[in-house]
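A.B. asks: From first to last, the protein sequence lines stand for chains A and B.
Counting from 1, one number per residue, gives the positions in the first sequence under the numbering used here.
Counting from 1, one number per residue, gives the positions in the second sequence under the numbering used here.
Check each hint, because a few of them may be wrong.
16 Å max Cα-Cα, derived EDC-like pairs, lysine to aspartate or glutamate [what the hints assert, rightly or not]:
| no. | chain 1 | residue 1 | chain 2 | residue 2 |
| --- | --- | --- | --- | --- |
| 1 | B | Lys195 | B | Asp240 |
| 2 | B | Lys243 | A | Glu185 |
| 3 | A | Lys29 | B | Asp240 |
| 4 | B | Lys32 | A | Glu24 |
Quick caveat, the hints were computed from the structure, so don't treat them as lab data.
There are 2 protein chains.
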Amino acid sequence: MNHVLGQLKKGKLTMVGAGPGDPELITLKGTKVLAAADVVLYDALVNEALLEYCRSDAVKIYVGKRVGDHKYSQAEINELIVRYAFSHGHVVRLKGGDPFVFGRGMEELEFAESFGIETEIIPGISSAVAVPSLQKIPLTARGVAESFWVITGTTRFGNISPDIALAAKSSATVIILMGTRKLREIVTIFCRNGKGGTPVAIIQNGSLPEEKICVGNVDTIESISIKEQIGAPAIIVIGDVVKALKKLRGDQPKLNSIAPDEVILKSIFE
Amino acid sequence: MNHVLGQLKKGKLTMVGAGPGDPELITLKGTKVLAAADVVLYDALVNEALLEYCRSDAVKIYVGKRVGDHKYSQAEINELIVRYAFSHGHVVRLKGGDPFVFGRGMEELEFAESFGIETEIIPGISSAVAVPSLQKIPLTARGVAESFWVITGTTRFGNISPDIALAAKSSATVIILMGTRKLREIVTIFCRNGKGGTPVAIIQNGSLPEEKICVGNVDTIESISIKEQIGAPAIIVIGDVVKALKKLRGDQPKLNSIAPDEVILKSIFE
């Protein structure tokens, strides 16, 4: 043991948010840290194209968890971080979205710090915010929604989060992650609160080429999502801001085909 | 007028989120679009270091609004976008954080689209998520908070958002932007809901070198923030997740000074 301790490196852990999926939606700082990493531990929702920023001699380990394909337990990931920090030096923990939004980033950070390992955070773009934005759904809009509430559809006990019942009573735009398997329960809760007519969008694989979206309202979204075969990973957005979506208004965007209004143009140019 | 219309370019508007302040927290995609821009219209909260990604011949216009220093009205900004899209081509609208979180990005987008101008969104890291993350405050944590609610402290009418009273009843981590001027009203609402002992952090200039933070609980944060001279722009985080902050636990981080627990180390290495 003393022999092992004598060879330990100082070690460092950097938690990096990979963003929602599109590899160009990582931050500049994130790519720089990837280039400096001795070891990268990455999750299922991370785009593997990001590993191209790493040195060729960096150790790259997939530690993702997928339903029915359990790769590493949280305790094993914590251990890997500490082990590699001491044996190789700089460990980068690359997580989908932002490391602190419905990830267990804090547990990993605290475990590493309990060994005296220096830690740093580089935030990432959370899918909760970016995926609706990319669909031109604003999470807030003056006079429509003054706030947004981000909730997990499935808690650690596998049941529906009690926050969803409170959210259904609020005027916030409600964004539910990991909720497609609970869609029936979610719409039931919103209906019970008189929100059957509130617009809903479900966006699967947001920011990626295979992105799919379906829109409806609380009453209709379940059957629409079945018909359009929308599944996980997906984000559910419930609120009047979804009306901003042209598709829902039956108002298909005709980009560059609308004649500029000459009266307004004149006022702008003259 | 016909003379003017004959010279019009096709035009394009790209809304780009600049992130929370640190210029390295913009996305790769954001820097690429800045490099391609013919015109950049940027806000007060945007780090001017980002303008270095622009071509030297790009037109760069500050359209920021600051209290007591009103530069451009929203209508004027909308007009500038359309005017420059037709006269110069590709307009980038660079906004602090994410363009669709408490910005008026949607209004600008719709105005441009009504002239047939093609639009695109590049999301940015919202301060609401990143600034707590950078302080190692997780917005969600298993068994502590299953959701987070992002609210503006000041509505367009200048009064406090009614959502704050609902948030005080919820179990969500509550993040209030633009709320420091309403701090007394906010803490009064939380106290009325029996939350006097809930931890609070206020972070000013998050992600920048001049970042400042103060921590306390709902009962004490107002006097602490006055003593520590925390002012706008700042983010208020209310919830038990703030306990993760070492400062609050009186548990100053002693990075690389803690001796690794030999028993655990042994179990990891052997």
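A.B. asks: For each hint, tell me whether it holds in the structure or not.
C.D. replies: Hints versus structure:
1. Lys195/B <-> Asp240/B: The given pair, whose Cα atoms are some 11 Å apart, holds under the 16 Å limit.
2. Lys243/B <-> Glu185/A: violated, 32 Å
3. Lys29/A <-> Asp240/B: violated, 29 Å
4. Lys32/B <-> Glu24/A: At roughly 9 Å apart (the allowed maximum being 16 Å), Glu24/A and Lys32/B satisfy the hint.
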